[in-house]
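Student: Heads up: the protein sequence lines correspond to chains A and B, in order.
Residues 4 to 314 in the numbering used here are what the first sequence lists, from first letter to last.
Residues 4 to 314 in the numbering used here are what the second sequence lists, from first letter to last.
By construction, these hints were calculated from the structure, which means they are not laboratory data.
Take these hints with a grain of salt, some might be off.
One copy or two, either will do: identical chains are not told apart, so a pair holds if it fits within one copy or between any two.
[To be verified] Under the rule of at most 30 Å between Cα atoms (straight-line distance), these lysine-lysine pairs were calculated in the DSS-like manner:
| hint | residue 1 | residue 2 |
| --- | --- | --- |
| 1 | Lys141 | Lys309 |
| 2 | Lys221 | Lys274 |
| 3 | Lys221 | Lys260 |
| 4 | Lys29 | Lys118 |
| 5 | Lys71 | Lys221 |
| 6 | Lys221 | Lys309 |
| 7 | Lys28 | Lys71 |
| 8 | Lys118 | Lys12 |
| 9 | Lys141 | Lys260 |
| 10 | Lys221 | Lys118 |
From a predicted model like this one, the values you see are computed outputs, not experimental measurements.
There are 2 protein chains.
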Amino acid sequence: MVHENSPVKTPSCSLCNEPAVYHDKKTGRHFCRDHFIADVEGRVADTIRSRNLIVPGDHVAIALSGGKDSTALLMILARLLPSWDTVRLTAVTIDEGIAGYREDTIHSADQMAAKYRLCHTCVSFLELFGGTLDAFLKGCEPEACSVCGILRRKALNVGAERVGATRLATGHNLDDEAQSVFMNVLRGDLPRLVRDSGSDSKGMFIPRIKPLMFISEKEIAVYLMLHGAWADLPECPYAVHALRREVRGMLATLESKHPGTMLHLMESKAKIEAHCSGVLDTEPVRHCRECNDPCSGETCQLCQLKGRLGI
Amino acid sequence: MVHENSPVKTPSCSLCNEPAVYHDKKTGRHFCRDHFIADVEGRVADTIRSRNLIVPGDHVAIALSGGKDSTALLMILARLLPSWDTVRLTAVTIDEGIAGYREDTIHSADQMAAKYRLCHTCVSFLELFGGTLDAFLKGCEPEACSVCGILRRKALNVGAERVGATRLATGHNLDDEAQSVFMNVLRGDLPRLVRDSGSDSKGMFIPRIKPLMFISEKEIAVYLMLHGAWADLPECPYAVHALRREVRGMLATLESKHPGTMLHLMESKAKIEAHCSGVLDTEPVRHCRECNDPCSGETCQLCQLKGRLGI
């Protein structure tokens, strides 16, 4: 209710008379606490339904780093679960071996999985590759994100296979996805732009799904705060990937001045995907001659990296 | 030649021993005056040849605003002309009616056409539409670029038709083209991204060509300076299109930190064009019910605008 004598009018929710806690600049709508949460969860449910991300009988492994995105993903999927019969959830955490950073987030992941009564499996680089990320990166820190990305991709597949999952859900949000579209266009890398849809596994890897792909970073932060689940976790000490960081800043500026920019990027991607499947058809999937995993060249990125790092 | 005693070594041209005047960050090559000019003109000739922009017997109307890009375009085409038998060039200038700006650039265009002994035709908004841009824009200045773009497009077509041209060449450079790719992707406007190639006229308009599409703004500036043709002309007073200006700044930053970004954008566009022609095929070209010009809706943009401006 708006009080006539109050110096500043608190906007009301566009769907009820409760005070608003969030303003969506794209649509101009205001949301109270309950309608904001319902809106976010409803849009995730829509994304899952309209894209068949999860179907009856699925066992979904949630890639739970313990950070904001994956924590919100776990909360939303766990809250949606009762409406899906026969779907199971399990949390999978990767311990890359990053001193002074991973300890806190693994603890947070453990607590979150316990709170929602989910099985929680941890896979470490030490166990899988015989060393920590810190050890592998000695002398090649600038390549941290790409090295870690290749190793973590494999570790997540191993984790998902171990628990018998049929889908692997990651916490990638709208900002991440829009940044990737932007970067792939900036790099002229159309095959990667199309392949990034996560629909390229062709039955050989456990399919990856991104249920938060249309939820912005800001919405995730507000969602966690409204649930009292916001924690100011440390950022990965290696997170200094130059182009991604620049693109992140530029996109945030554009989105704030021209609300809807990130969704427009996703629309561009969807249209390109719909019309450019030919880009991928010309690139047959081969198998790595070392490990037999699917890859685009003769040897997969992981085996090339293993040779280079002496794993 | 590099003198051992000189405090700072002047880099030599990568192709001869002359002192370099330009460093191409993308390739790392240095160019002396003559090799820089030959490189720029050679790349324009390659663009024209590989894309069949100009063929024997063509009469090319150069859209000459008198600004930097169109001046460089005229100089380069005029210098390449002797190697093309049976190709004619004519300059066409549009006088939009912008007080305090157009007078200088029209004077400059006149001098340039005279210097290269080209016929020069001027078409004014006053003559074609019964008023100046300044008059039309009273009260709707924020829309200046889109209003002017629609009117100028028509005026250029009229000018090119009057001189009997078979092609209309504009001075769009690599920066302009990369900005357009960027903006169309940011807007999620794939049909426009593909249509912008200038190959959509389907025989109904005089085909537009952009021979400088792979020459950067910086290269054009250096080219003009080396020819003593650099003039600090005023910028159009209406040039404050928000998204274009922001995108321009962002792309310049990215290009400077990651040389090659603009070319990568052009590669993305080329790949999307090659695979997404279907986007356009689903949009049949219709004819405006007022003027019969080709358009995508029932009434063309110009006729809609005329109604709104009371032309």
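Student: Determine for every hint whether it applies to the structure shown.
Tutor: Hints and how they fare:
no.: 1; hint: Lys141 / Lys309; result: within (15 Å within a copy, 67 Å between copies)
no.: 2; hint: Lys221 / Lys274; result: within (26 Å within a copy, 33 Å between copies)
no.: 3; hint: Lys221 / Lys260; result: both (15 Å within a copy, 28 Å between copies)
no.: 4; hint: Lys29 / Lys118; result: neither (34 Å within a copy, 53 Å between copies)
no.: 5; hint: Lys71 / Lys221; result: within (11 Å within a copy, 43 Å between copies)
no.: 6; hint: Lys221 / Lys309; result: neither (37 Å within a copy, 43 Å between copies)
no.: 7; hint: Lys28 / Lys71; result: within (22 Å within a copy, 39 Å between copies)
no.: 8; hint: Lys118 / Lys12; result: neither (38 Å within a copy, 67 Å between copies)
no.: 9; hint: Lys141 / Lys260; result: between (41 Å within a copy, 26 Å between copies)
no.: 10; hint: Lys221 / Lys118; result: within (24 Å within a copy, 59 Å between copies)
Consistency note: the structure conflicts with the earlier hints numbered 4, 6 and 8.
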